[in-house]
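Student: From just these sequences and the hints, can you work out the full model?
Protein chains in written order, with our numbering: chain L, 430 to 590; chain D, 59 to 330.
Bear in mind the hints are in silico, worked out from the structure with no lab data behind them. Check the hints yourself; a few may be wrong.
The calculated SDA-like cross-link candidates involving lysine to any residue, where the alpha carbons are at most 25 Å apart (straight line), are [stated by the list, open to error]:
| no. | chain 1 | residue 1 | chain 2 | residue 2 |
| --- | --- | --- | --- | --- |
| 1 | D | Lys235 | L | Cys567 |
| 2 | D | Lys235 | L | Gly472 |
| 3 | D | Lys235 | L | Pro572 |
| 4 | D | Lys132 | D | Gly238 |
| 5 | D | Lys235 | D | Gln100 |
| 6 | D | Lys132 | L | Ala431 |
| 7 | L | Lys433 | D | Gln100 |
| 8 | D | Lys132 | D | Gly253 |
| 9 | D | Lys237 | L | Gly531 |
| 10 | D | Lys237 | L | Lys433 |
| 11 | D | Lys237 | D | Arg227 |
| 12 | D | Lys235 | L | Asp449 |
| 13 | D | Lys322 | D | Gly253 |
| 14 | D | Lys237 | D | Arg138 |
| 15 | D | Lys237 | L | Gly485 |
| 16 | D | Lys132 | L | Asn548 |
| 17 | D | Lys322 | D | Gly281 |
| 18 | L | Lys433 | L | Thr475 |
| 19 | L | Lys433 | D | Ser78 |
| 20 | D | Lys132 | D | Lys235 |
| 21 | D | Lys235 | L | Glu555 |
| 22 | D | Lys237 | L | Asp450 |
| 23 | D | Lys235 | D | Arg323 |
| 24 | L | Lys433 | L | Asp449 |
| 25 | D | Lys237 | L | Glu571 |
| 26 | D | Lys322 | D | Val216 |
| 27 | D | Lys235 | D | Asp328 |
Beta-carbon label-pair distances, calculated as ranges [stated by the list, open to error]:
| no. | chain 1 | residue 1 | chain 2 | residue 2 | range |
| --- | --- | --- | --- | --- | --- |
| 28 | D | Gly238 | L | Gly441 | 48 to 56 Å |
| 29 | L | Arg432 | D | Ser74 | 22 to 30 Å |
| 30 | L | Arg432 | D | Ile319 | 54 to 62 Å |
| 31 | L | Ala513 | D | Gly238 | 38 to 46 Å |
Just so you know, these numbers come straight off a predicted model, no measurement behind them. For every residue, glycine included, the Cβ atom is placed at its ideal position computed from N, Cα and C.
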Amino acid sequence: MARKPLQFQLNGRHQAVFTDDGQNLLDLLRRGVGDLTPKYGCGQGTCGTCTVLIDGEPHLSCLTLAETVDGRQITTTAGLAEGAELHPLQTAFMDNFAAQCGYCTPGMLLAAKALLDRNPSPTREEVVEAISGNICRCTGYEPIINAILDAAGRRNQRRYG
Amino acid sequence: MPVRVETFDSLDAAASALRSTRSARFFGGGTLLMRAANHGDQSFDTLIRARDPSFRHIRSESEGVSIGAGVTMKEIIAHRDLSFLIPAAQAVGGPAVRNMATVGGNLYANSPYGDLAVALLVLGARIEFVGQGGRGVEIEEFMRDRDRHQGSIVRAVVVPRPRDPSSFRFVKVSRVKPKGISLLTIATYLPQSGGRIRGARVAYGAMGPRPLRATAVERLLDGQYLDSATIERAAAAACDGIEPRTDSLASSWYRREVVGIHLKRLLTGDRR
Ligand SMILES: Cc1cc2nc3c(=O)[nH]c(=O)nc-3n(C[C@H](O)[C@H](O)[C@H](O)COP(=O)(O)OP(=O)(O)OC[C@H]3O[C@@H](n4cnc5c(N)ncnc54)[C@H](O)[C@@H]3O)c2cc1C
Ligand code: FES
Ligand code: FES
Chain L
430 MARKPLQFQL NGRHQAVFTD DGQNLLDLLR RGVGDLTPKY GCGQGTCGTC
480 TVLIDGEPHL SCLTLAETVD GRQITTTAGL AEGAELHPLQ TAFMDNFAAQ
530 CGYCTPGMLL AAKALLDRNP SPTREEVVEA ISGNICRCTG YEPIINAILD
580 AAGRRNQRRY G
Chain D
59 MPVRVETFDS LDAAASALRS TRSARFFGGG TLLMRAANHG DQSFDTLIRA
109 RDPSFRHIRS ESEGVSIGAG VTMKEIIAHR DLSFLIPAAQ AVGGPAVRNM
159 ATVGGNLYAN SPYGDLAVAL LVLGARIEFV GQGGRGVEIE EFMRDRDRHQ
209 GSIVRAVVVP RPRDPSSFRF VKVSRVKPKG ISLLTIATYL PQSGGRIRGA
259 RVAYGAMGPR PLRATAVERL LDGQYLDSAT IERAAAAACD GIEPRTDSLA
309 SSWYRREVVG IHLKRLLTGD RR
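Tutor: Listed below in structure tokens is the structure:
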């Protein structure tokens, strides 16, 4: 099976790796690069926990052919905190009890980040739409929606990174 | 089973590779193909990609808007010439799916998918293929005989703009809000002149194996005023000549029972 060289930015760091023919991006990130923050839920595009940002836009890494990210910028949950300082979305998720088992959280955080980067003051409806491809089996969504609105509010009070 | 991926710079080269490779599929956005590969689908072993930029254009032409088959739902939503297609493109999956899902792939998606294709069908789009000159085929003919086009690559679809934007309506009915798989999708195009409907077109998604026209409803609407008596008659005939499908979301019986109700709501502008 052919292995293909691939270069991209992962959370601002340059990566040069080999991808197996037909490998999906989730598998490449987890097994090839060792970033375990994108989770494997369904492998079918339905659950959203494998969501990563490619050039700032949410994509399902389980359905992304790894070789198509050559030269692009990828953000995973591992890239949210700066050192010990959590990203405002992460803090808001903790304060609002928006994670129970936490399995959906990486996808939720990135779907929310994509929204807030584009739209700093979303309505509740826009938040619901932004996470509509992400399933949570625990929280009933309300705490997650509240957390995202809370993070947006904090960001508008002080500068949001 | 490992899948081989072959990437070409031109669509023509990709088309000839597709023709000469057994068990190959053309790769659009990959939302359905990667899903199938992850699920262990053995019906293909090669994916053929094209990096051709001509595949991703959106261009106004005299006949309508030409949309490259590689354009995503997200790109449709963002383009000012395609605002009439927003309700349909927005109905496809969640935000991540819309960043990936292409127009070409939506034409080949089986029910309950193909929401954009329902809108393209009702608007009378034309499908152009790589390596085949001429005008391509009408979407209606394409949908009727889609398997015949399995080995070809769609280059673009040309969509006539609705003369009056309010003459085009679209609704996707699903059980999960705000986003779920289609129970049924309805698109209507009812241009009027002198208050009467002229050239009515009505199409359904998820009612058959692929998007289809509701010709009985069209005949009832044509030449009429869109008043409550006409709407009642159209709703009563909503399923005439159509055998709805049964799937894990709904039975054929259920779809038959509710399609008229949703058609009536769409025609009366009742957005509940
Ligand atoms: C979680 C999830 C939710 C979804 N929700 C919806 C929904 O709500 N509505 C909906 O309509 N769909 C939905 N889909 C299905 C799918 O994402 C869309 O139909 C999409 O438009 C398919 O396009 P693609 O580019 O990803 O197709 P691909 O996976 O790339 O291809 C699908 C098929 O089309 C063929 N093909 C692709 N492009 C071309 C071309 N240019 N010429 C010839 N053949 C081509 C491929 O060979 C393949 O057989 C969903 C999918 C997932 C995973
Ligand atoms: S693992 Fe990708 S959507 Fe579930
Ligand atoms: S917290 Fe358990 S799935 Fe969301």
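Student: Evaluate each hint against the coordinates.
Tutor: Results for each hint:
Of the pairs offered as hints, the one joining Lys235 (chain D) and Cys567 (chain L) holds, with about 18 Å between alpha carbons and a cut-off of 25 Å not exceeded. At most 25 Å may separate the alpha-carbon atoms for a hinted pair to count; Lys235 (chain D) and Gly472 (chain L) meet this at roughly 22 Å. With a CA separation close to 17 Å, the supplied pair Lys235 (chain D) and Pro572 (chain L) stays within the 25 Å bound. For a cut-off of 25 Å, the pair hint linking Lys132 (chain D) to Gly238 (chain D) stands: about 18 Å separates their Cα positions.
Between Lys235 (chain D) and Gln100 (chain D) the CA atoms are separated by roughly 34 Å; this puts the pair beyond 25 Å, and the hint is violated. In summary, the hint linking Lys132 (chain D) to Ala431 (chain L) is not supported, as the alpha carbons are separated by about 32 Å, beyond the 25 Å threshold. Between Lys433 (chain L) and Gln100 (chain D) the alpha-carbon distance is near 23 Å, which keeps this suggested pair within the 25 Å criterion. Between Lys132 (chain D) and Gly253 (chain D), the direct Cα distance comes to roughly 35 Å. Violation of the 25 Å bound is thereby established for this hinted pair.
Proximity of Lys237 (chain D) to Gly531 (chain L) is assessed by CA-CA distance (about 22 Å); at most 25 Å being required, the pair is judged to hold. Of the supplied pair hints, the one linking Lys237 (chain D) and Lys433 (chain L) is violated, its CA atoms being roughly 37 Å apart against a limit of 25 Å. Among the hinted pairs, Lys237 (chain D) with Arg227 (chain D) is consistent with the structure: their alpha-carbon atoms are about 19 Å apart, no more than 25 Å. For a cut-off of 25 Å, the pair hint linking Lys235 (chain D) to Asp449 (chain L) is broken: about 38 Å separates their Cα positions.
For the hint linking Lys322 (chain D) to Gly253 (chain D), the alpha-carbon distance of about 19 Å falls within 25 Å, and the restraint holds. Only pairs whose Cα atoms come within 25 Å are accepted, and Lys237 (chain D) paired with Arg138 (chain D) is accepted, the gap being roughly 24 Å. Distance restraint check for Lys237 (chain D) and Gly485 (chain L): the Cα-Cα separation of roughly 22 Å lies within the 25 Å cut-off, and the hinted pair is therefore satisfied. A hinted pair counts as satisfied when its Cα atoms are at most 25 Å apart, and Lys132 (chain D) with Asn548 (chain L) qualifies at roughly 16 Å.
Simply put, Lys322 (chain D) and Gly281 (chain D) have alpha-carbon atoms about 18 Å apart, close enough for the 25 Å limit, and the pair holds. A threshold of 25 Å between alpha carbons decides the hint, and for Lys433 (chain L) with Thr475 (chain L) the separation of about 28 Å lies outside it, so the pair is violated. Restraint check: the Cα-Cα separation between Lys433 (chain L) and Ser78 (chain D) comes to about 23 Å, which is no more than 25 Å; the hinted pair holds. This hinted pair checks out: Lys132 (chain D) and Lys235 (chain D) have alpha carbons roughly 20 Å apart, not beyond 25 Å.
For the suggested pair Lys235 (chain D) and Glu555 (chain L), the alpha carbons sit about 13 Å apart, so the restraint of at most 25 Å is met. Distance restraint check for Lys237 (chain D) and Asp450 (chain L): the Cα-Cα separation of roughly 33 Å exceeds the 25 Å cut-off, and the hinted pair is therefore not satisfied. Proposed proximity of Lys235 (chain D) and Arg323 (chain D) is supported: the alpha carbons are some 18 Å apart, at most 25 Å. At most 25 Å may separate the alpha-carbon atoms for a hinted pair to count; Lys433 (chain L) and Asp449 (chain L) meet this at roughly 6 Å.
Distance restraint check for Lys237 (chain D) and Glu571 (chain L): the Cα-Cα separation of roughly 16 Å lies within the 25 Å cut-off, and the hinted pair is therefore satisfied. Straight-line distance between C-alpha atoms of Lys322 (chain D) and Val216 (chain D) comes to about 29 Å, which puts the hinted pair past the 25 Å bound. For a cut-off of 25 Å, the pair hint linking Lys235 (chain D) to Asp328 (chain D) stands: about 17 Å separates their Cα positions. The hinted window of 48 to 56 Å between Gly238 (chain D) and Gly441 (chain L) is violated, with their beta carbons roughly 36 Å apart.
A hinted range of 22 to 30 Å for the beta carbons of Arg432 (chain L) and Ser74 (chain D) is consistent with their spacing of about 26 Å. Roughly 55 Å separates the CB atoms of Arg432 (chain L) and Ile319 (chain D), a value that falls within the hinted 54 to 62 Å. At about 40 Å, the CB distance of Ala513 (chain L) to Gly238 (chain D) agrees with the hint of 38 to 46 Å.
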